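K.L.:
Sequence:
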Amino acid sequence: ERIMKAIRERNGAAAKEEMYRHIMRSRDDMLTNYR
1 ERIMKAIRER NGAAAKEEMY RHIMRSRDDM LTNYR
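In terms of our numbering, the sequence shown opens at residue 1 and continues consecutively.
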């Protein structure tokens, strides 16, 4: 939701930062579940 809001507001930097955080969080979850 925050990502879409940032994109709609054309705040590219904020959108990328949110996307990066989301990806890293998802990756960490996957690694944790994999163990």
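Calculated directly from the structure, the hints in this document are not laboratory data. Fair warning: there could be bad hints in the mix.
Claimed, not checked - Distance ranges between label pairs, derived from CB positions:
no. : residue 1 : residue 2 : range
1   : R27       : M4        : 26 to 36 Å
2   : R2        : D28       : 14 to 24 Å
3   : D29       : M4        : 18 to 28 Å
4   : R27       : R2        : 17 to 27 Å
5   : L31       : R10       : 26 to 36 Å
6   : Y34       : N11       : 28 to 38 Å
7   : N33       : E9        : 18 to 28 Å
8   : I3        : T32       : 34 to 44 Å
9   : R8        : Y34       : 13 to 23 Å
10  : M30       : I3        : 16 to 26 Å
11  : G12       : Y34       : 29 to 39 Å
12  : T32       : E9        : 10 to 20 Å
13  : E9        : Y34       : 32 to 42 Å
Note that this is a predicted model, so its numbers are computed, not measured. All residues carry an ideal CB built from backbone N, CA and C; glycine is no exception.
K.L.:
With 17 to 27 Å as the target window, see if R27 and R2 comply at their CB atoms.
P.N.:
holds (18 Å)
K.L.:
Regarding D29 and M4, is the given constraint of 18 to 28 Å on their beta-carbon distance met?
P.N.:
Holds, since D29 and M4 (Cβ atoms, about 21 Å apart) stay within the stated range.
K.L.:
Go ahead and decide if the range 13 to 23 Å is satisfied by the Cβ distance of R8 to Y34.
P.N.:
At 34 Å between Cβs, range violated.
K.L.:
Given a hinted range of 34 to 44 Å, is it respected by the beta-carbon distance of I3 and T32?
P.N.:
At 22 Å between Cβs, range violated.
K.L.:
Do Y34 and N11 keep their Cβ atoms within the hinted range of 28 to 38 Å?
P.N.:
At roughly 34 Å between Cβ atoms, N11 and Y34 fall inside 28 to 38 Å, so the hint holds.
K.L.:
Are R2 and D28 spaced within 14 to 24 Å by their CB atoms?
P.N.:
Check passed, 18 Å falls within 14 to 24 Å.
K.L.:
Is 16 to 26 Å respected by the C-beta to C-beta distance linking M30 and I3?
P.N.:
holds (19 Å)
K.L.:
In this structure, is the beta-carbon distance linking L31 and R10 contained in 26 to 36 Å?
P.N.:
Given range 26 to 36 Å: holds, Cβ gap about 33 Å.
K.L.:
At the C-beta level, are G12 and Y34 separated by a distance inside 29 to 39 Å?
P.N.:
Once the Cβ atoms are compared, 32 Å apart, the range 29 to 39 Å for Y34 and G12 holds.
K.L.:
Falls inside 10 to 20 Å, the C-beta gap from T32 to E9?
P.N.:
This hint is violated: roughly 32 Å between Cβ atoms.
K.L.:
Against the range 26 to 36 Å, how does the distance between the Cβ atoms of R27 and M4 compare: consistent or not?
P.N.:
violated (21 Å)
K.L.:
How does the Cβ-Cβ distance of E9 and Y34 compare with 32 to 42 Å: does it lie in that range?
P.N.:
Cβ of E9 to Cβ of Y34: about 36 Å, so the range 32 to 42 Å holds.
Consistency with the previously given hints fails for numbers 1, 7, 8, 9, 12, ordered from lowest to highest.
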